[in-house]
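Chemist: Fit chain S to the known structure of chain P by using the hints.
Protein chains in written order, with this note's numbering: chain P, 11 to 328; chain S, 50 to 474.
No wet-lab data here; the hints were simulated from the structure.
Mixed in with the good hints, there may be bad ones.
Stated by the list, open to error - Which chain P residues stay away from chain S? Per the calculated CB distances, all over 10 Å, these:
1. Met11
2. Ala52
3. Pro59
4. Val66
5. Leu75
6. Pro96
7. Asp105
8. Trp109
9. Phe122
10. Val133
11. Ala204
12. Ala218
13. Arg252
Unchecked claim - Selected chain P positions facing chain S (Cβ under 7 Å, derived; list incomplete):
14. Gly77
15. Leu234
16. Phe237
17. Arg254
18. Val301
19. Val326
None of the values given here were measured: they were computed from a predicted structure.
For every residue, glycine included, the Cβ atom is placed at its ideal position computed from N, Cα and C.
Single-letter residue listing:
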Amino acid sequence: MDLFFVLLLGLLLGGYLVLDGFDIGSGMLVRPLGRTEWERRAMITAFGPFLLGNEVWLVATGGVLFGAFPLLEGEVLGELRALVWPLLVVWVVRDAAVWSRSRLPGARWRGFWDTTLAVVSTVFAAGWGVVVANLMIRLGDGGAAHPVYGWFSLLWAVTMAVVFAGHGAVFLTARLPQVPAAAVAGTARRLLPAGAGLLAVATVVTVAAGVLPQRAGALVPVALAGFAAAAAPLGARVLLGRGRPGLALAATAGAVVGPLLMVATAGWVVVRDSAADPASLSVLGGVAAAVLPVIVLSQAWMWWVFRHRVDERSVVFF
Amino acid sequence: MDAVEISRLQFAVTGSVHYLFVTLSLGLVLFVVAFQTLWTFRKDPVHERLTKFWGRLYVVNYGAGIIGGLVMEFQFGLNWAGLAHVTGNVLGGPIAIETLVAFFIEATFLGMWIFGWGRIPRLLHLGLIWVVAITAYVSAYWILAANAFLQHPVGHEIRDGVAFLTDFGALMRNPNLLDAVQHVVSAAVVTGALFVAGVSAWQLLRRTPDVIEFRRSLRFAVVALPIGVYPAIHFGFLQEVVIEQSQPGKLAAMYADPERTLRVQQELAARFGPGDWLPPDWVSVPYQIMMQTTFGLALLSIVLLVLLIRNWVVRLRVPLYLLVALIPVPFVLVICGWLVREVGRQPWAVYGVLSTEDAASPLSTGAAAASFTGFAVVLGGLVLLNIVLLGRFARRGIEDDALGMPLGATLGSSTSDDDSVLVGR
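The shape of chain P in the complex, shown without the other chains:
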């Protein structure tokens, strides 16, 4: 049963990173790439229908963390307070920006929120990089030598900011109308190799820096996951070139989720050992098993309804 919950936790957090990852990435790009109000509104409408259904994955991650791994929640969130707390504030401001920008007319109001969205989305993306770095340090039991905001965290912050931006650009390429999509695709083609390069460097550094236990059994899977993640943006670039943005999005999803796999290979045992009592897990497990198909179906339905490119008839709200 505890293994089921490790998988469920991984599924929820991975799902969150992939799904809200393109909200974050798109949010970074609305201001820099949207040349007219129409384009910016179309970009927000591209990810708008998914936003609520995406970020709920992190809410569920938090719930399962508290329900199935209460000790881990207390310790990880407690130790990483200096990181979790600002990320929460950033998340709140990101949502406030999306929710508010189109409520009132006026170029200054909207410009203010678009700039805010770009800034907090970038910080949010980088923050997830810092989370990856710190989970690696703490779960891998590698080093008290690395502070929450050390150079190792900084490397991962830059890496994930670029990876999320690439993921967002590919998403916008897939969802925007043809003409603006072509312009965004150019940005995607420049971002993706940079993301791949940074992921490769971060993987090498992670293996070599001694943050993980220096055993082949621990390092090889981490290196494999890291290099697979680094290859994914390159694959996405090829697929974009062949006019398959949907498949490219699946590839960048791999790049986003790869670092989580690195964390998981290094630290899943620690997570499993902090699981709640079996009696609690069996109740929660029954509920989760019953409700998961419903969740998956409702999300699949959402994707089916909003599978087309944004066009003149797309409903706007954000």
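Modeler: Structure of chain S alone, referenced to chain P:
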């Protein structure tokens, strides 16, 4: 103030802010459901316009509610590590179930409801808002189940200082939970009814062109008000029976009765050892405000029902001014309710199991103050923003493009490079 007090203040502020939005969402969604159901089956344009008007207010407020809720969920780990350490096995369950069973579907479907307007078949679209409403109330049940465990811990046993779940059914049937759920649901109906009545009254006073629409929503709200107020009173008092048995100190503080207080303090000292086991005595103030004001609302709700005859409620105009003035009242009342419930639980985090002192994370005062200041500034800004936006949309009245407007209609064609085509939408 020490770190524990700051953490408590932070929880109180974030909880209150979150709950201000949530209680309005819970109340308002009932009106949106009612109007959309009527619109779907009777095909009356009045109901379509009402659905859009109240739907936009609902969605704007819902956004603020989610944002406040994010902070709530992660606060357990940040400020209350002891709670997870000692009672995580039990308390975590309802919270995890709430996110999976209720909120997941609710959020997914609300996004589809907003952006699927006119794109999803009408009946399915109606079904979406029904599911959103139902899951919202299911959410309330599970969150209150977690809260009821703090008030009256059941279904567990303590081994080596850690609580283990023994009976999940007992958690779901906690006597402290069932009356509280019905009380909270009734209070949400009151909040929604007074909001809808107040905004409709404001529109009618401002000589809106949409008299038919706002008169109809006003009548709906006036009928809904007693349906909320009387059960709120009933289930409010019923809770006192449970409180007297499980939290005698809370009831003593609510009643501010010196004799009872003395007796209870002696009982509690016999049970828990020497010490002050009573909550602060100012709990009686919010209790009195909540109780007396709700009695007033109960009387008023009957008067308003009578005034529906021959539309006196509108024609006399005085009731309209009164209804506008009453808009903030339910929000004050629900905060009072939570103050009684939560401050009345002190000095315990989990009654009789874990003291608030022991539940708090070992934080420095500076760290606690920094986190509190940050959240307070952001959430305070959020409350202001929400009030400004709700006020603005309430004032603008019925607009056909409030919800479900296509991109093409907002800014003209995509080929236009003119950035000045910012029509105010």
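Chemist: Now look at each hint and say whether the structure bears it out.
Modeler: Verification of the supplied hints:
No Cβ of chain S comes within 10 Å of the Cβ of Met11 of chain P; the nearest lies about 13 Å off, and the non-interface call holds. A Cβ of chain S approaches the Cβ of Ala52 of chain P within 10 Å, the least distance being about 6 Å, so the stated non-interface status is violated. The beta carbon of Pro59 of chain P is not kept farther than 10 Å from every beta carbon of chain S, the shortest such distance being approximately 4 Å. For Val66 of chain P, the requirement that its beta carbon stay farther than 10 Å from each beta carbon of chain S is not met, with the minimum near 4 Å.
Leu75 of chain P, annotated as away from the interface, has a beta carbon of chain S within 10 Å; the closest lies near 8 Å. Not every C-beta of chain S lies more than 10 Å from that of Pro96 of chain P, the closest at about 8 Å, which undercuts listing it as non-interface. Listed as outside the interface, Asp105 of chain P is inconsistent with that label: its C-beta sits roughly 5 Å from the nearest C-beta of chain S, within the 10 Å cut-off. The non-interface label for Trp109 of chain P is inconsistent with chain S: the shortest C-beta to C-beta separation is roughly 4 Å, within 10 Å.
Listed as a non-interface residue, Phe122 of chain P keeps its Cβ farther than 10 Å from every Cβ of chain S; the least gap is roughly 12 Å. Annotated as non-interface, Val133 of chain P keeps its C-beta farther than 10 Å from every C-beta of chain S; the closest such distance is 14 Å. Every beta carbon of chain S lies more than 10 Å from that of Ala204 of chain P, the smallest distance being close to 29 Å; the non-interface claim holds. Every beta carbon of chain S lies more than 10 Å from that of Ala218 of chain P, the smallest distance being close to 32 Å; the non-interface claim holds.
With a least CB separation of 25 Å from chain S, Arg252 of chain P remains clear of the 10 Å interface cut-off, as annotated. Given the 7 Å rule on beta carbons, the hint for Gly77 of chain P holds: about 3 Å separates it from the nearest Cβ of chain S. With a cut of 7 Å, the hint placing Leu234 of chain P at the interface with chain S is violated, because the nearest CB-to-CB distance is about 31 Å. With a cut of 7 Å, the hint placing Phe237 of chain P at the interface with chain S is violated, because the nearest CB-to-CB distance is about 33 Å.
A hinted interface residue such as Arg254 of chain P counts as satisfied when its beta carbon comes closer than 7 Å to some beta carbon of chain S; here the least separation is about 24 Å, so the hint is violated. Hint status for Val301 of chain P relative to chain S: holds, with the closest Cβ pair at about 5 Å, below 7 Å. Interface restraint check for Val326 of chain P: the shortest CB-CB distance to chain S comes to about 5 Å, inside 7 Å, so the restraint holds.
Comparing the model with each earlier hint shows violations of hints 2, 3, 4, 5, 6, 7, 8, 15, 16 and 17; every other hint is respected.
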